[in-house]
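One line per chain: the protein sequences are C and R, in this order.
The opening position of the first sequence corresponds to residue 0 in numbering that gives the first Met the number 0, with each subsequent residue numbered one higher.
The opening position of the second sequence corresponds to residue 0 in numbering that gives the first Met the number 0, with each subsequent residue numbered one higher.
The set of hints was computed from the structure by calculation and includes no laboratory data.
Glycine included, C-beta positions come from ideal geometry on N, C-alpha and C.
Treat the hints with caution; some may be incorrect.
Computed Cβ-Cβ distance ranges for the label pairs, DEER-style [stated by the list, open to error]: (1) C:Asp336 x R:Ala67: 37 to 47 Å; (2) R:Asp95 x C:Arg328: 42 to 52 Å; (3) R:Arg87 x C:Pro493: 51 to 61 Å; (4) C:Arg323 x R:Glu29: 50 to 60 Å; (5) R:Leu71 x C:Ser237: 46 to 56 Å; (6) R:Pro57 x C:Pro243: 33 to 43 Å; (7) R:Asp86 x C:Glu490: 53 to 63 Å; (8) R:Glu29 x C:Arg389: 31 to 41 Å; (9) C:Leu495 x R:Ala76: 34 to 44 Å.
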Amino acid sequence: MSLIRDNASVLASAIAEGEVSSEEVTRAHLDRIAAVDERVHAFLHVDSDGAIAAAKRVDAKRAAGEKLGPLAGVPLALKDVLAMKGQPTTAGSKILEGWIPPYDAAVVERLRAADIIILGKTNMDEFAMGSSTEHSAYGPTHNPWDLDRIPGGSGGGSAAALAAFEAPLAIGTDTGGSIRQPAAVTATVGVKPTYGAVPRYGLIALASSLDQVGPCARNVLDTALLHAAIAGHDARDSTSINAPVPDVVAAALNADVRGMKVGLVRELSGAGYQAGVQQRFDEAVAILTELGAEVIEVSCPHFEYALAAYYLILPSECSSNLARFDGMRYGLRVGDDGSRSVEEVMALTREAGFGPEVKRRIMIGTYALSSGYYDAYYGQAQKVRTLITRDFTEAFEKVDVLISPTAPTTAFKIGEKVDDPVAMYLNDIATIPVNLAGNCAMSLPIGLAPEDGLPVGLQIMAPPMGDDRLYRAGAAVEAALVDRWGHLLIEEAPAL
Amino acid sequence: MTNISRADVAHLARLARLAIPEDQLDHYAEQLDVILQSVARVGEVAAADVPAMSHPVPLLNVFRDDVARPGLDREAAMAAAPAIEDDRFRVPRILDEE
Numbered sequence: 000m001s002l003i004r005d006n007a008s009v010l011a012s013a014i015a016e017g018e019v020s021s022e023e024v025t026r027a028h029l030d031r032i033a034a035v036d037e038r039v040h041a042f043l044h045v046d047s048d049g050a051i052a053a054a055k056r057v058d059a060k061r062a063a064g065e066k067l068g069p070l071a072g073v074p075l076a077l078k079d080v081l082a083m084k085g086q087p088t089t090a091g092s093k094i095l096e097g098w099i100p101p102y103d104a105a106v107v108e109r110l111r112a113a114d115i116i117i118l119g120k121t122n123m124d125e126f127a128m129g130s131s132t133e134h135s136a137y138g139p140t141h142n143p144w145d146l147d148r149i150p151g152g153s154g155g156g157s158a159a160a161l162a163a164f165e166a167p168l169a170i171g172t173d174t175g176g177s178i179r180q181p182a183a184v185t186a187t188v189g190v191k192p193t194y195g196a197v198p199r200y201g202l203i204a205l206a207s208s209l210d211q212v213g214p215c216a217r218n219v220l221d222t223a224l225l226h227a228a229i230a231g232h233d234a235r236d237s238t239s240i241n242a243p244v245p246d247v248v249a250a251a252l253n254a255d256v257r258g259m260k261v262g263l264v265r266e267l268s269g270a271g272y273q274a275g276v277q278q279r280f281d282e283a284v285a286i287l288t289e290l291g292a293e294v295i296e297v298s299c300p301h302f303e304y305a306l307a308a309y310y311l312i313l314p315s316e317c318s319s320n321l322a323r324f325d326g327m328r329y330g331l332r333v334g335d336d337g338s339r340s341v342e343e344v345m346a347l348t349r350e351a352g353f354g355p356e357v358k359r360r361i362m363i364g365t366y367a368l369s370s371g372y373y374d375a376y377y378g379q380a381q382k383v384r385t386l387i388t389r390d391f392t393e394a395f396e397k398v399d400v401l402i403s404p405t406a407p408t409t410a411f412k413i414g415e416k417v418d419d420p421v422a423m424y425l426n427d428i429a430t431i432p433v434n435l436a437g438n439c440a441m442s443l444p445i446g447l448a449p450e451d452g453l454p455v456g457l458q459i460m461a462p463p464m465g466d467d468r469l470y471r472a473g474a475a476v477e478a479a480l481v482d483r484w485g486h487l488l489i490e491e492a493p494a495l
Numbered sequence: 000m001t002n003i004s005r006a007d008v009a010h011l012a013r014l015a016r017l018a019i020p021e022d023q024l025d026h027y028a029e030q031l032d033v034i035l036q037s038v039a040r041v042g043e044v045a046a047a048d049v050p051a052m053s054h055p056v057p058l059l060n061v062f063r064d065d066v067a068r069p070g071l072d073r074e075a076a077m078a079a080a081p082a083i084e085d086d087r088f089r090v091p092r093i094l095d096e097e
């Protein structure tokens with residue numbers, strides 16, 4: 000076996016059987032990080048001591064004959080937007096440089112309870128605002144498929160850590176595609192669970208009505224196992240759904256789409272989508288048909304306005320959420336020389352601590368919420384949000400899942416779009432509708448675009464609390480492709 | 000439909016507590032204008048009778064039982080403070096001198 004290339008479920012079995020220790024697996028990943036991360040820059044912070052101590056505890060539990068969970072002892076990369084007690088947590092921003100949270104996020108508590116080993120914190124666009132990880136205050140992450148290209152964003156660090164074999168599991172967050180688009184451009188798997196399925200307690204908020212924490216891995220089953228470990232009600236998040244979590248692991252093992260009705264969203268392909276992306280998507284549609292699914296075309300006419308609605312709703316919520324970063328109780332404080340007022344110190348702190356994309360979005364949100372503009376911008380965007388949700392509801396009356404390409408293009412070059420916000424926003428065109436409605440969706444790899452040899456992702460979307468459908472369909476497509484290729488697509492990534 | 004001026008950016012920056020330097024106001028004005036023009040498309044949708052949606056799940060106030068439970072101790076809560084005085088957060092003056 001290969002300690003760094005094997006999947007999480009394989010590693011967990013080997014650890015449970017005593018074939019290898021969690022400490023050996025953890026050290027192998029720390030060594031890998033030491034060897035490649037200077038070039039990839041997936042991690043902002045590596046907690047070697049904490050990871051090894053946690054691995055030793057798992058090994059001791061096993062030696063004592065305690066029953067271990069399905070991912071016990073397996074290492075994971077954690078997006079730096081989740082609070083982890085005693086470890087730096089920056090959300091990719093200078094305003095939180097050096098901040099050490101005094102508590103664990105709910106998801107971190109659950110990872111620890113599942114005996115999953117947290118290797119460290121991964122890079123991201125500042126406060127999760129971006130589609131390329133170039134907006135991190137700590138420099139970009141590089142795509143392991145081509146180090147000159149972006150790994151997607153905002154969770155580019157988590158996706159790159161998986162694709163570079165620095166971790167077999169990762170946690171991301173998805174507000175408009177920040178799990179799915181990085182998965183698509185790195186040939187990894189990522190799921191945005193149903194809104195409210197995974198608690199947000201301890202997640203640094205971007206847009207509270209859109210943010211959702213989710214699992215990332217290199218195959219569908221590992222993603223399902225991680226999903227099961229983090230999902231479920233938590234009373235500390237008032238939007239957390241108090242209902243049983245769909246059995247996503249059983250669905251991933253089932254992998255049968257015979258009789259499943261699949262809707263191809265007319266508005267999410269064709270014009271604006273790269274030729275090779277469209278080609279691989281068409282092939283995935285053919286695979287679903289061969290596997291016994293019934294694929295029909297459906298129309299969601301208001302999706303055309305999803306991007307515009309999203310880029311009003313998100314900045315509005317973030318302008319309010321980020322007001323808490325004022326330099327008074329924690330984080331950066333600038334200009335407090337005794338002569339300045341509290342407002343002056345706040346403004347100087349925020350000017351110095353936030354990057355340009357964060358400032359743009361705060362100002363757009365401030366504008367959209369201001370008197371005289373509220374109805375035409377934020378109010379109208381909320382109405383369009385209703386219409387988009389209705390489009391989904393109507394579509395799911397006809398089909399079990401919807402599909403589209405995850406992103407319109409493969410990974411672009413670092414620097415190519417960084418100063419053109421509107422071009423950057425277009426990356427999210429296919430992923431955003433799901434966040435607006437609160438549905439769940441998966442991205443999984445379906446091949447390389449012929450023109451550039453870079454990964455393409457398939458997006459599968461399901462209704463709220465229909466997360467199991469994603470895994471059933473995703474696992475079926477993955478199995479068919481592995482049959483064809485003889486391995487997962489990630490195995491074709493260039494050696495680093 | 001929009002036309003964001005330098006003065007508009009200065010106003011937004013003041014509302015948002017961002018000390019944007021004078022020499023960057025024009026650059027932000029240009030970018031905010033492009034963004035606002037592209038998102039103004041929401042106005043093309045006829046939605047007068049459509050209810051606004053603020054959240055994907057019904058927002059209900061959730062109460063927990065009124066039982067005392069442990070919280071962060073003072074030391075942990077203050078550990079990240081930029082300035083402390085007598086076990087309290089020290090902040091710059093909040094009132095003008097006069």
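Each hint tested on the structure:
1. At roughly 41 Å, the beta-carbon separation of Asp336 (chain C) and Ala67 (chain R) lies within the given 37 to 47 Å, and the hint holds.
2. At about 23 Å, the CB distance of Asp95 (chain R) to Arg328 (chain C) disagrees with the hint of 42 to 52 Å.
3. A hinted range of 51 to 61 Å holds for the C-beta pair Arg87 (chain R) and Pro493 (chain C), which are about 55 Å apart.
4. A C-beta distance of roughly 29 Å is found between Arg323 (chain C) and Glu29 (chain R), which places it outside the suggested range of 50 to 60 Å.
5. Taking 46 to 56 Å as the suggested C-beta distance range, the pair Leu71 (chain R) and Ser237 (chain C) does not conform, at roughly 20 Å.
6. A hinted range of 33 to 43 Å for the beta carbons of Pro57 (chain R) and Pro243 (chain C) is inconsistent with their spacing of about 18 Å.
7. For Asp86 (chain R) paired with Glu490 (chain C), a C-beta distance near 57 Å keeps the hint of 53 to 63 Å intact.
8. Between Glu29 (chain R) and Arg389 (chain C) the beta carbons are some 36 Å apart, a value that agrees with the proposed interval 31 to 41 Å.
9. At roughly 42 Å, the beta-carbon separation of Leu495 (chain C) and Ala76 (chain R) lies within the given 34 to 44 Å, and the hint holds.
Hint compliance for this structure: hints 2, 4, 5, 6 are broken, all remaining hints hold.
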